[in-house]
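Quick mapping for you: the protein sequence lines, in order, are chains X and Z. Residue numbering for the first sequence follows this note's numbering, starting at 1 and increasing by one per position. Residue numbering for the second sequence follows this note's numbering, starting at 1 and increasing by one per position.
Note that these hints are calculated values from the structure, not bench results. Incorrect hints may have been included.
What the hints assert, rightly or not - Label pairs and their calculated CB-CB ranges: (1) Gly328(Z) - Glu98(X): 31 to 39 Å; (2) Lys78(X) - Ser171(Z): 32 to 40 Å; (3) Gln42(X) - Lys21(Z): 37 to 45 Å; (4) Arg330(Z) - Glu98(X): 53 to 61 Å; (5) Arg416(Z) - Leu38(X): 47 to 55 Å; (6) Asn473(Z) - Lys78(X): 20 to 28 Å; (7) Arg188(X) - Pro49(Z): 55 to 63 Å; (8) Glu98(X) - Arg369(Z): 44 to 52 Å.
What the hints assert, rightly or not - No more than 30 Å apart at the CA atoms, straight line, and that leaves these computed lysine-lysine pairs for DSS-like: (9) Lys436(Z) - Lys184(Z); (10) Lys78(X) - Lys184(Z); (11) Lys78(X) - Lys132(Z); (12) Lys65(Z) - Lys43(X); (13) Lys78(X) - Lys459(Z); (14) Lys78(X) - Lys256(Z).
Glycine included, C-beta positions come from ideal geometry on N, C-alpha and C.
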Amino acid sequence: MTVTRDPQSGIVRIAETIFRPYNSSSGQRSDRSAGDRLRHRQKVREAIRNNIADIIAEESIIGKDNNRIIKVPIRGVKEYRFVYGDNAPGVGQGGDQEPQPGQVVGQGEKGKQPGQPGDQPGVDYYETDVRLDELIELMFEDLELPDLERKRLRQIEVEKQFRQKGYRRKGVRVRLDKKRTARSRLKRKKASQRRDLTGARSRFPFHKDDLRYHHSVSDLRRESNAVVLCIMDTSGSMDTMKKYLARSFFFILYQFISTRYQNVEIVFIAHHTEAQEVSEEDFFHKGESGGTFISSGYNKALEIINERFHPALWNVYVFHCSDGDNFESDNPAALKAATELARSSNLFGYGEIKPLGAGYYGSSLIPLFSQLDEPNFQTLQIHRKEDIWTSFKTFLAKDRGREDAA
Amino acid sequence: MDYTIEDLEVWNSRIVEIVHKFGLDPYPQEFEICDHEDMLTYMVYSGMPSHYPHWSYGKSFEKLKTLYEYGVSGLPYEMVINSNPSIAYLMRDNSLALQVLTIAHVYGHNDFFKNNFTFGATRAQYTIETFKSHANRVRHYVEDPSIGLERIERILDAAHALSLQCRRNLSIRKLSAEEQIETKVQEAQPPTDPFGAIHRRQDYISPDLNKVPLYPEEDLLIFIRDHNPHLADWEKDLLTIVHEQSQYFIPQIETKIMNEGWASFWHKRILETLELPQNLHLEFLVRHAQVLRPSPGGLNPYHVGMKIWENIEKRWDHPSAEDEKQYGRRNKSGAEKLFEVREVERDASFIRRYLTEELVRELNLFEYRTRGNEQVVSRVADDLNWRQIKETLIQNVGTSTIPVIKIEDADYNKNRTLFLRHHHDGRDLQLEYAEKTLQYLNQLWGHEVALETILDNRKSLLCYSDNRLAIKNGI
């Protein structure tokens with residue numbers, strides 16, 4: 001048998017056989033599937049985006065941290081063909097034990113789809129894992145509100161310090177860089193010696209061109225602050241379902257605000273006839289009894305804003321969830337406080353949560369608030385989980401920042 | 001790596017010698033050493049050095065990679081392309097024993113590609129160039145600003161969904177349009193009657209030669225390409241490309257069990273003849289057992305295939321008294337029979353002819369059905385059931401896993417509705433998949449499409465138009 005070796009490529013021919021050695025640098029080792037993978041990934045995102053409303057209405061995303069991975073059903077990236085359904089029998093091989101009629105050998109769909117050419121299994125996957133923050137990002141993309149303008153007035157510009165940025169030939173004497181200057185003189189000296197081999201001159205003084213100065217720029221860091229004030233009625237009439245809906249809404253609001261501002265504070269104000277600032281845990285889990293004075297919550301919010309979050313420095317987002325019950329006598333006070341709150345915040349919303357089937361006992365505050373004429377105030381009604389997303393969209397549409405920018 | 005290329009060369013030349021001694025007749029072979037990333041890529045792109053882009057390949061790459069990285073599935077030791085010369089990829093990280101086994105295995109596949117009748121129409125000498133040309137054409141369309149990726153994907157998505165709805169036996173020549181007319185006219189002639197003198201002459205019913213198609217048509221993509229005048233040239237070309245590629249792969253789908261069985265049968269035979277040093281031999285035995293181990297619940301084509309091949313050889317070399325009684329004296333040796341079968345059968349016929357009752361029992365085959373959310377054993381290999389298990393197995397190999405759907409009429413109800421018939425064999429179509437696939441068909445055809453099938457024992461017509469599926473039962 002004749003064996004020949006091409007000395008350049010290292011390719012070996014044995015009679016008719018060719019061996020191509022592994023070559024880690026050859027052009028064939030480029031990542032061929034990168035483009036197709038990217039396109040697939042895009043399609044997955046697209047599919048998620050199309051189902052985003054369903055996905056965020058699911059309870060599982062609330063109060064979870066951003067690295068949590070959730071399973072999202074994917075439609076639209078399946079590859080459909082004509083395949084046989086459930087009444088098509090299959091054949092398998094028994095292991096060491098004799099299979100018995102009636103024995104269960106598998107679950108769910110079998111790989112009945114004809115595999116793609118080659119020998120890949122024909123099972124299609126229906127779900128993909130997405131990190132929560134990725135999902136939230138998609139949610140915001142879907143909202144098409146990524147350009148909430150950071151209002152110049154509300155940004156604190158801190159002149160941090162001077163930062164060195166390169167060198168200049170001109171500058172003030174105090175910023176002279178002696179080392180660089182000496183070095184450039186040396187360079188010049190070497191260069192002139194090469195030209196003039198006759199002999200070194202005894203003296204080679206600094207020239208103006210040798211001088212190097214530090215260049216510094218002032219580093220402006222834009223800081224943007226936002227505070228989300230969540231106000232909720234924790235009176236006896238707020239049941240679990242209502243709280244759940246409220247929580248979903250607050251969650252989304254908080255997530256949204258977090259992506260827009262560097263520094264986001266969140267404040268929970270629970271109220272019945274009196275208001276108090278509470279932790280998130282208490283906010284959602286503590287049930288109170290008794291009546292409701294909405295104005296108490298608003299006044300507490302105003303107090304907190306004035307104390308800690310001055311509207312000149314903070315973007316203030318206020319949202320209030322309630323089931324619409326309020327003592328009649330409190331209404332004028334509530335309206336007055338609400339007006340004031342709307343004026344000192346970017347966005348102020350009132351969400352009335354009335355789950356379907358809960359019965360329309362009790363009143364609604366929406367007629368009352370319709371008297372409130374502020375452009376950044378919004379009333380919403382939430383009946384079901386599915387409403388949260390649409391409500392949220394409507395709510396954000398009134399952001400004052402957006403109007404200012406327009 | 002416990003070997004050098006030189007080692008592989010040495011072993012290869014000894015293997016080639018044995019291959020020829022056994023009478024195997026492969027194409028010239030080329031081996032390429034690759035790493036696991038390359039192997040993943042080759043698996044996704046069917047081993048082709050060049051392939052047109054489509055997101056579905058990205059999808060399978062991600063999936064394979066995940067399965068591989070989580071250790072759910074390993075990578076194949078090799079991958080062989082049906083081309084002349086044949087190209088095979090060997091994984092760099094495999095041990096020497098595994099490489100030797102793999103090289104022997106590759107020659108088995110190579111011989112099968114060259115000699116099995118189903119591959120006759122694949123034009124192996126042009127494989128690489130054909131795929132390259134397909135890739136270049138698709139890339140060219142993608143770059144054409146008047147077309148663009150999105151529209152190409154729309155066509156490719158639809159074409160992929162229908163790609164396997166094509167003729168299965170490519171050795172049967174497709175009649176040209178003229179020949180079809182001729183045959184149709186001939187069929188309409190009354191049969192010659194030896195008693196013509198006393199019988200009343202049968203009326204001649206002239207065939208409807210204007211019907212399109214004259215005979216039910218299985219090549220869906222090609223039919224649409226030729227009969228939808230609204231398709232642009234690039235769209236027609238894409239349909240052609242997808243069709244040609246699936247034609248190339250049909251023989252591989254048709255002979256999975258035979259092919260893997262054949263390669264395993266010969267790698268075993270070759271390695272036993274090679275006189276491997278003991279350490280390599282022991283590893284070979286372990287690896288061989290791993291590859292050939294039956295997968296309980298599933299069906300390992302390597303195992304099933306090799307068992308049948310071994311059984312054929314045994315029955316022809318040493319026929320049992322029963323076999324002698326039934327078939328008379330054998331006029332072929334085991335080896336002669338093997339080579340004959342390798343040439344003229346495909347999985348369905350291979351199993352029908354050579355899977356004996358004894359083998360059904362030995363392989364411990366059983367039939368299962370889906371009940372609710374579970375798969376439940378419905379028949380086990382006993383006297384009463386083994387034939388039925390065999391029938392079910394035949395339905396689950398090769399192209400029998402693809403429903404037979406033919407175009408019957410391109411002008412159904414005289415409004416250009418495309419009428420298709422599913423040749424129902426007891427297995428219903430999966431409705432969700434059928435709906436989406438009909439949607440693709442509707443998109444390509446541009447008019448309503450109607451598929452006649454049987455759902456839950458009722459004849460049904462699935463009509464797809466205006467983004468909506470209507471099911472008419474009991475027609």
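Tested hints:
1. Gly328(Z) - Glu98(X): 31 to 39 Å: Given about 35 Å between the Cβ atoms, the range holds.
2. Lys78(X) - Ser171(Z): 32 to 40 Å: Given range 32 to 40 Å: holds, Cβ gap about 34 Å.
3. Gln42(X) - Lys21(Z): 37 to 45 Å: For Lys21(Z) against Gln42(X), whose Cβ atoms are near 54 Å apart, the range 37 to 45 Å is violated.
4. Arg330(Z) - Glu98(X): 53 to 61 Å: violated, 33 Å
5. Arg416(Z) - Leu38(X): 47 to 55 Å: violated, 39 Å
6. Asn473(Z) - Lys78(X): 20 to 28 Å: Once the Cβ atoms are compared, 26 Å apart, the range 20 to 28 Å for Lys78(X) and Asn473(Z) holds.
7. Arg188(X) - Pro49(Z): 55 to 63 Å: Between Arg188(X) and Pro49(Z), where Cβ atoms are some 56 Å apart, the hint holds.
8. Glu98(X) - Arg369(Z): 44 to 52 Å: violated, 18 Å
9. Lys436(Z) - Lys184(Z): violated, 35 Å
10. Lys78(X) - Lys184(Z): violated, 41 Å
11. Lys78(X) - Lys132(Z): holds, 27 Å
12. Lys65(Z) - Lys43(X): holds, 18 Å
13. Lys78(X) - Lys459(Z): The given pair, whose Cα atoms are some 28 Å apart, holds under the 30 Å limit.
14. Lys78(X) - Lys256(Z): Given that 30 Å is the threshold and the Cα spacing comes to 25 Å, the pair holds.
In this structure, the earlier hints numbered 3, 4, 5, 8, 9 and 10 are contradicted, and the remaining ones agree with it.
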